[in-house]
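Please construct the entire structure, taking both the sequences and the accompanying hints into account.
Under UniProt numbering, the first residue of the sequence shown is numbered 1, with each subsequent residue one higher.
All the given hints hold, so there is nothing to weed out.
Calculated pairs, BS3-like style, for lysine-lysine (alpha carbon to alpha carbon, straight line, at most 27 Å):
no.	residue 1	residue 2
1	Lys110	Lys269
2	Lys36	Lys269
3	Lys135	Lys194
4	Lys27	Lys287
Keep in mind the hints are simulated off the structure, nothing from the lab.
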Amino acid sequence: MLPARKWKRQALRQFCYDKRTQPDQWKCCGTLYDSKASLGRHIHQHHPQDLLQLEQQLAAQHDLHDTQSVPSNQNLYGRRVEKGSSDAIDLTCACDPEQSRVILFYQYTKIDDPNRLAEQHGKFCGPAGWDLTGKVRISHEGVNATLAGSSSNIESYMTWYECTQQLTWKTRSRDSFFKPSIGCRHVFDSLSIKWVDEICPLGQPSITLANVLQSSATGHSTHKLSPQQFHTMITAGQDHDDLLLLDTRNYYESKIGRFKGAVTPAIRKFSVFPSFTDRHRADWNGKTILTYCTGGIRCEKATAYLRSALSEDTKVYMLEGGIHEYLNWIETQPEIQDPLWQGKNYVFDARQRLGPPSLGVISHCQACRQPWDKYRKCDTPMCHLLVLVCDSCFQPGQCFCCHECQRSTSSPCQCERDRKAKELAM
Numbered sequence: 001m002l003p004a005r006k007w008k009r010q011a012l013r014q015f016c017y018d019k020r021t022q023p024d025q026w027k028c029c030g031t032l033y034d035s036k037a038s039l040g041r042h043i044h045q046h047h048p049q050d051l052l053q054l055e056q057q058l059a060a061q062h063d064l065h066d067t068q069s070v071p072s073n074q075n076l077y078g079r080r081v082e083k084g085s086s087d088a089i090d091l092t093c094a095c096d097p098e099q100s101r102v103i104l105f106y107q108y109t110k111i112d113d114p115n116r117l118a119e120q121h122g123k124f125c126g127p128a129g130w131d132l133t134g135k136v137r138i139s140h141e142g143v144n145a146t147l148a149g150s151s152s153n154i155e156s157y158m159t160w161y162e163c164t165q166q167l168t169w170k171t172r173s174r175d176s177f178f179k180p181s182i183g184c185r186h187v188f189d190s191l192s193i194k195w196v197d198e199i200c201p202l203g204q205p206s207i208t209l210a211n212v213l214q215s216s217a218t219g220h221s222t223h224k225l226s227p228q229q230f231h232t233m234i235t236a237g238q239d240h241d242d243l244l245l246l247d248t249r250n251y252y253e254s255k256i257g258r259f260k261g262a263v264t265p266a267i268r269k270f271s272v273f274p275s276f277t278d279r280h281r282a283d284w285n286g287k288t289i290l291t292y293c294t295g296g297i298r299c300e301k302a303t304a305y306l307r308s309a310l311s312e313d314t315k316v317y318m319l320e321g322g323i324h325e326y327l328n329w330i331e332t333q334p335e336i337q338d339p340l341w342q343g344k345n346y347v348f349d350a351r352q353r354l355g356p357p358s359l360g361v362i363s364h365c366q367a368c369r370q371p372w373d374k375y376r377k378c379d380t381p382m383c384h385l386l387v388l389v390c391d392s393c394f395q396p397g398q399c400f401c402c403h404e405c406q407r408s409t410s411s412p413c414q415c416e417r418d419r420k421a422k423e424l425a426m
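Structure, rendered in structure tokens:
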């Protein structure tokens, strides 16, 4: 058991980080602070309960990881890739993609025994079962999964999961829940199953499963918009200043595809979204906010946080099924000549990006500036930032995100410092 003072320091450090607006400036309760010392005094005086709650959560998470049972199939529960490396973002195989499927789904629901459900996934999804690849994250708050395999095996998995979780299709179809798309089992290197604290890490103790489920019971579901409703609201409100279209994804996702006119935060991870929201609280209060993400999971927590952080007259909505469902819907609407979406939908597997060619390319090669939307990884060891470099400009072993990375002179490199500065300046 680690000393209690460690959790006090870590809780204070995280609290301060969440309140940072500029490298040397913090904002809390509407007041700007130019030193950590003055902010610390404010936090200890006005937020002792918030600090204690965060401290207890950090300690509980540590104890949970120390005491949880070690699954027997270590290769399914360990790191997806070796330390210092990252997931593949390119695919070369001879499979017929039409004979395989990739599914992407989440479910916020109380899971009494996450370890047991994880073990069941390992048994049925592993090589001795349906031989699927992908990532499954399970916690007490639900399941977040993306899996790939043959069409028949994916079908078997969906049927098993429906029965296990007792799913019914009242307001949504089976396909809108599992969101199947074309792609073979090689879009992932392996199968990774993990028991985690949050299936979509926001890092906010106040936003719990109970909050999400309570919101649904009190009308939250009415704030989930179908693709058609989402499209109609954007179209009707394009000339109104009180409508805000908000992308809850990371900067490299929105760089290659986004809705026209959307606010696209320059964030690198979802856990920074709350601090980004806090910096814009005064401007966003009272607006109608439409949020979207890849498949919906991030918007569930993002909208819960927005409702808790903004004024009561702020209206917050999310695109149900995410960009995935919008693109499926727009393909059935040939009469719409000017779709609101432009570019590709970034996905976290080796396919990297999805979307009809008709929606165009909105990003560019960083070297020659020709239209380009296929990412490569920076070749500097331990960097792995995504880089847009076209085939004509690409040289093996010479793909770098910036000149500093090419010289390996500093960490974080210049482009990451620039991104962080942009994030804080937005």
